[in-house]
Amino acid sequence: MKVQAIQDCITGEFKTQGDPAAEIQNAYTSDLLSDVMGNAPADSVLITVQGHKNTVAVANLVGMPAIILCNGRSVPQDMQESAEQEEIALYTTNLDQFTASYKIAHALGKI
Amino acid sequence: MLQIFQRHLSIPLRDEVYRNSRSISRSKWTERLHLQPKNIYTTGMQSIPINTYDSPTAVLELIYKLKVKDVMTSDIHTSTPSTTMGQVRTILKANSITGLPVIENKQILGIVSMEDVLQALDAGRIDAPVEQYMSKKLIVLEEDMPIFFAISYFGRYSYRRFPVINKANELVGIVTSRDITTKLLLEANREIERLEDETGTPQEVYTGQIERWFTVQSYDFENAGFASTEIKKILKGRSINSQTARRIAISAYELEMNLVVHSKGGSIHFLMDDSRVLVQADDTGPGIEDVEAALTEGYTTATEWIRSLGFGAGMGLPNVQRVSDEFSLTSEPSRGTHAKSIILLPRHEQKQINQTAQKE
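Residue numbers (the numbering used here), protein chains in the order written: chain G, 1 to 111; chain H, 112 to 471.
Keep in mind that the hints are not guaranteed to be accurate.
Listed next, the in silico BS3-like pairs over lysine-lysine satisfying Cα-Cα at most 30 Å (straight line) [what the hints assert, rightly or not]:
#1 H:Lys217 <-> H:Lys180
#2 G:Lys2 <-> H:Lys180
#3 H:Lys278 <-> H:Lys294
#4 G:Lys15 <-> H:Lys347
#5 H:Lys278 <-> G:Lys15
#6 G:Lys53 <-> H:Lys451
#7 G:Lys53 <-> H:Lys375
#8 H:Lys344 <-> H:Lys176
#9 H:Lys344 <-> G:Lys53
#10 H:Lys347 <-> G:Lys2
#11 H:Lys347 <-> G:Lys53
What the hints contain is simulated information worked out from the structure, not anything from laboratory work.
In isolation and in its complexed conformation, chain H is listed as follows:
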């Protein structure tokens, strides 16, 4: 009996599941990783160490985004119902695999395994056709299902692999738990690389610059204001006029407090050359739902507690925007927020800084 798991179909009773159906093929991904393809059956594959309900968001996103067809192996060995058990043994041995899907007219009829071959051998019927020994009870996945389904099935059943079919019920591949973990690792790596590119050091290179990085912790009111106070000291040391210094201080303080009050923690990047000052705040989340609203004076998402401390009046980002010559704010709810404020130094100040720099 062929059981096709549709997205919303309930799962059949365990008894209906034939536990020994198996077929192994090399994963194209393991080959790319130069891992020796292993006999998964004899090495005892463990279940996937990822659950589908409270894994990190990035992982959950991946397991919903990736489809079974993205991780499955499509280059697979098969047999027909009339293949003899002896021929099956040869194929299994030659390819270091422990099971073969049995197909006819591209439709999967069952799976024949090494155990079935042993049974045939014991009975002295090694020339019997596969259809007499293959197991017909099996669970298949559809190629368009998110791998979320595959993971939950691997967790639910003791199978180490599932045949994969397309909409026309044709066998198109096999998926093993190894295929899934390998693909997830590769995708997670790619995601990390992408995030690193996104949050890497800015491209602008200034000459004669002063650069500082400050780490800001979430809800750390104890040290809140440290970065902006340090920045103010630098400005004072460089004899920036008080009006400009104040604008820079406002920008730095508000961005810093936003990290303390609203983010999961982040960093303040201060970069000054002889013509301008950059204050940039980057955090890793939770991000701003409505960027436009966040720039509207009076709009706040701060809690009562935060407001009682005199913060969260909905003036922070509008203040930064007002004092900046250039201002940009990008945010995605799951990716974090990046705020950039540039304040140009007046001409006479640029001269002054040059002079100070020369003296130094």
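Only chain G is shown next, with the shape it has when bound in the complex:
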């Protein structure tokens, strides 16, 4: 699925657009940045509640084109700026990680 298609399966809004045409092949759900760093597949979307600048750094380093911030967590200014700079899509939703995860899994054809 394309990054842009996140809004079709999860209610929420894009804080940054990133690269709307980038391809998402997988997803990884975690709040531990070292866990994301070590285990998340590249070209996947990160589903998390960690709303700060370092989440963007990790996504960037791992090669994740999008971050879904769950539970209605707000996006700090520096996180937003960092995501814009690194061209990473930042999407916020009121859904929790489990719900967001299975909706994305469904959209990816995993279930």
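Given the coordinates of chain G, work out where chain H should sit on it, guided by the hints.
For chain H alone, kept in the frame of chain G given last:
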């Protein structure tokens, strides 16, 4: 009365301390420094500007490690009880000193000073023997005491020097506050040189290399990830394949975050040539208590606050170890931590880099 200060003996009342006992001799260390030996008595020596409770750790280590015998002057002038006061005056004058220990059979009996000589002169008794004028109340140090004791005594009393005795109560030297500060300076210098050698630039010299240094501040989450993001950009610029670049990025990021979260601050050293990448993190402390545990997945010493930010999951160092082809971690609680990660570039990548380099 001779008072010997043992490690755990309480200190006698000030009144018991005879304040004018003195003897001066040149310090072998001041001679090595080519300093003019001074008459410490008349120049008014100040107390040692080091305390024994909250000085920097390195200084505290030194003052516990060094013994009185390491700093004292052993080549000293002495007199016997039967030496005349006139002879004492000659010795004091000839050697530019202001006091002499009085010994008999290697045992210290007292100290005779310039003031005592003046008193004898006033009384017209310059031919009187030393034993009639010497002061017998004095405090001595033992040669095996850490200089920590000497420093606290210099701070406590107005003495400028203490006679030093060995286990057999024989006089073996004299220690002045100048001896201590000079020796401490020399030892501190040596320690700095040693640390510089230890943390100096690595010996490996690569050809056609890219090298970067990044400074990482403790708890600086604002700029955390900067070094690894920059490194990722370099890799991208050199068309390193994404799988290898990711391993290098993981190594750099985790080492960088470790500096932010756990260290007092440090540096990231990135060095890439056409066959491998080195990422090295060095900090100045506080060091890792248990290196083996630190490499065990899930082991963490991070605070609740750090963990709430998604760090400190105990996966950092194990992640680095996993992605590295060569990995080393050395740490000492008081000396800091040095982590080194080397990732070899695959053969076809080496070729690619050469081509890119040629184009440049």
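Tested hints:
Among the hinted pairs, Lys217 of chain H with Lys180 of chain H is consistent with the structure: their alpha-carbon atoms are about 17 Å apart, no more than 30 Å. A C-alpha spacing of about 77 Å is found between Lys2 of chain G and Lys180 of chain H, which places the hinted pair above 30 Å, so the restraint is violated. Only pairs whose Cα atoms come within 30 Å are accepted, and Lys278 of chain H paired with Lys294 of chain H is accepted, the gap being roughly 23 Å. Under the criterion of a C-alpha separation no larger than 30 Å, the hint pairing Lys15 of chain G with Lys347 of chain H is consistent with the structure, at around 26 Å.
For a cut-off of 30 Å, the pair hint linking Lys278 of chain H to Lys15 of chain G is broken: about 78 Å separates their Cα positions. Taken as a hint, the Lys53 of chain G and Lys451 of chain H pair is honoured in the structure, with Cα atoms around 26 Å apart against an allowance of 30 Å. With a CA separation close to 21 Å, the supplied pair Lys53 of chain G and Lys375 of chain H stays within the 30 Å bound. For a cut-off of 30 Å, the pair hint linking Lys344 of chain H to Lys176 of chain H is broken: about 48 Å separates their Cα positions.
A distance of roughly 18 Å separates the Cα atoms of Lys344 of chain H and Lys53 of chain G; the hinted pair therefore holds under the 30 Å criterion. This hinted pair checks out: Lys347 of chain H and Lys2 of chain G have alpha carbons roughly 23 Å apart, not beyond 30 Å. About 21 Å separates the Cα atoms of Lys347 of chain H and Lys53 of chain G, which keeps this hinted pair within 30 Å; it holds.
Hints 2, 5, 8 from the earlier list are contradicted by this structure; the remaining hints agree with it.
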